[in-house]
Amino acid sequence: MSMFPIASITTTTTTSNIVFSSIPQNFTHLQARIWGRGTFNNGGSGLSIVCSFTGYTPIYRHRLAGTGAIVVAQNYSGSFGSVGTIPDVTANASIFGSVIFDFVNYSVAGQNKTLRYFGGFDRNGSGEINFGSSLATGPAIATLDFTTDGSWAAGCRIDLYGIGISNATGA
Amino acid sequence: MSVFMQPIYTQTVSGSSTSGILFNNIPQGFADLLVIANDRSNFGGAYTNDLIIYPNTNGDTLSSSTTIFSNASTASSGRLTAFTGWWSQYGDAGLASANTFANTSIYIPNYTNATFKTAIVDSVTEDNSASNVAMTMNAHLWRVTNPITNLYMSHGGQTFAAGSTFTLYGISNTYDTRIPTAPTIGTVTDQSGFVSVDFTRAANDQAETYKVTSSPAGSTTYGVTNPITTPAVLGTSYTYQVEGVNSFGGSASTASSAVTTFNNYASIASYTFADNATGTFTFGNIPQNYKHLQMRFYLRGTASATFTDCNATLNNDTSNTYWNYHQLFGTGTNIYSNAGGISTQFAFATIPAATSSSALTYASGVVDFLDYTYPGKNRDFRSLHGYNNMSTSQGHTLLRTGLLQSTNPITAITITCSNFAQYSRVALYGIS
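Just so you know, the protein sequences line up as chains A and B, in that order.
Read left to right, the first sequence gives residues 1279 to 1449 (my numbering).
Read left to right, the second sequence gives residues 218 to 649 (my numbering).
Hints listed in this document are in silico derivations from the structure and should not be mistaken for laboratory results.
Treat the numbers as computed from the prediction; the structure is a model and nothing was measured.
Even for Gly, the Cβ is constructed at its ideal location relative to N, Cα and C.
Be a bit skeptical, because a hint or two may be false.
Restraint ranges, calculated between C-beta atoms of paired labels, are given here [what the hints assert, rightly or not]:
no., chain 1, residue 1, chain 2, residue 2, range
1, B, Gln-245, A, Thr-1292, 51 to 57 Å
2, A, Asn-1370, B, Thr-229, 52 to 58 Å
3, B, Gln-245, A, Asn-1370, 47 to 53 Å
So these bits of chain B aren't anywhere near chain A, every CB distance computed over 12 Å [what the hints assert, rightly or not]:
no., residue
4, Thr-283
5, Ser-294
6, Thr-298
7, Asp-492
8, Gln-505
9, Asn-532
10, Phe-546
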């Protein structure tokens, strides 16, 4: 596997959208590594991350989550992204969540887009850990617009990577 | 390995007494860290001893975690607070079947950032059974803002099973790390037709190989370990640069100091006396880059005697004191051991002369000047020479030494005699 950094964005102030545009189409997969927190007060529960891209239609989000007390398996319609992976504004200002998004075959126009994610946060007494997926229809992903409930706090960082494949078959 | 993620350290457990794995001096130039662990403890119980990761080998209780755990029959979520580290997984000998190791990924983002430290972990421990497995996912927090400079991992105080492996990776998020960082040039050493080029690679330089080039241009040599030896033309002065290279380009060091290569045993100069009228010859401008000098001679004098002394001065030095010689002298019938005295030269050889019983006999010998450039040592010689004159009364073998009370490096050797016979010959060599 060859994996290359495409771009990295760090917020210096409260930011509503973190946008990667002109994403190269010559990789096979994309991976986003997100280190963030939101400005929305969700009563201490985790915040969603929504990814939008030009021409897409969000379908579903699913997740297997642990809250520290219970395990839940849930679904949410109408968005493309993750659920509960970063802390809300009530968390200590120094606490951020970590989540990895994998966009497989992101540039294949004829395939629906499936996102797989893994991540969460702990805030010393509460927190969430998530393994989930999401579905959208749409063309090749050339732009990714990341939003969260409220806005991104200052100091959030998203790194976008491109992942290649081998031309050899091994057959 | 792509440039996105490169291995920093790997440790593999051997034996059965390792209770902890420490990754120390973690480079601070990456965006994130990742630990891949394939481990197993020697503990015979089950579900009791976990892999714990201690950032900065902390002994505090500032860690907490949120967890999902499944044993393939049930799933649960739990929480640890006021804990001493980052709880990861099970993987005891009493749980997993023989030769089965846990598989764990520990992702630590923003490990140098001045915020609380976090990690997300996914781990599985398999077993040759339907349900006796452990699957965990964790979100971790360590409420400390210091950069993470080391990671310590232990298994609940138990020892790790042999074959357990731990690799620490550094993850980059910028393009500019794709071209290697330039190495630092070190010492270049003459190796007689080759030059050993010493360098120090930059930390996490991402170089796949190192290229050595010379000025003036010569051969280009690639290598992956320090030092790299490259061929050189004898007698040519070179400087060298080492370039860290990968598929995206390279970055070269500054140029080395100059080095000239010589043979291990190389001829410096020689001289043959063309007539019977010359009584002196000087080897001047002697190169200073050898370890020792050796003078080989084949000499006869023209003095009206059966033999005559052949003398030498160093550096045209007439101000410092010479000790003429000490010698062990064999004539074929007797042995003598005696000394000369204070002098203005040394007598490095006694050679046949005009009235010796054989007209065409020359003395042959070897004179060694050791450490001829070394500071703080007086200059001396050792000569082994002799000749045979087809006579029981003429001819001898000598082992002789002499001394000049001067520490100056030898840059010139002058030999003198009344006159040297035609075809006498002397040659000077450098020894590395």
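Here is what the structure says about each hint:
no., hint, result
1, B:Gln-245 x A:Thr-1292: 51 to 57 Å, "violated (28 Å)"
2, A:Asn-1370 x B:Thr-229: 52 to 58 Å, "violated (38 Å)"
3, B:Gln-245 x A:Asn-1370: 47 to 53 Å, "violated (24 Å)"
4, Thr-283, "violated (4 Å)"
5, Ser-294, "violated (3 Å)"
6, Thr-298, "violated (6 Å)"
7, Asp-492, "holds (78 Å)"
8, Gln-505, "holds (53 Å)"
9, Asn-532, "holds (64 Å)"
10, Phe-546, "holds (79 Å)"
Hints 1, 2, 3, 4, 5 and 6, counting from the list given before, are not met by this structure.
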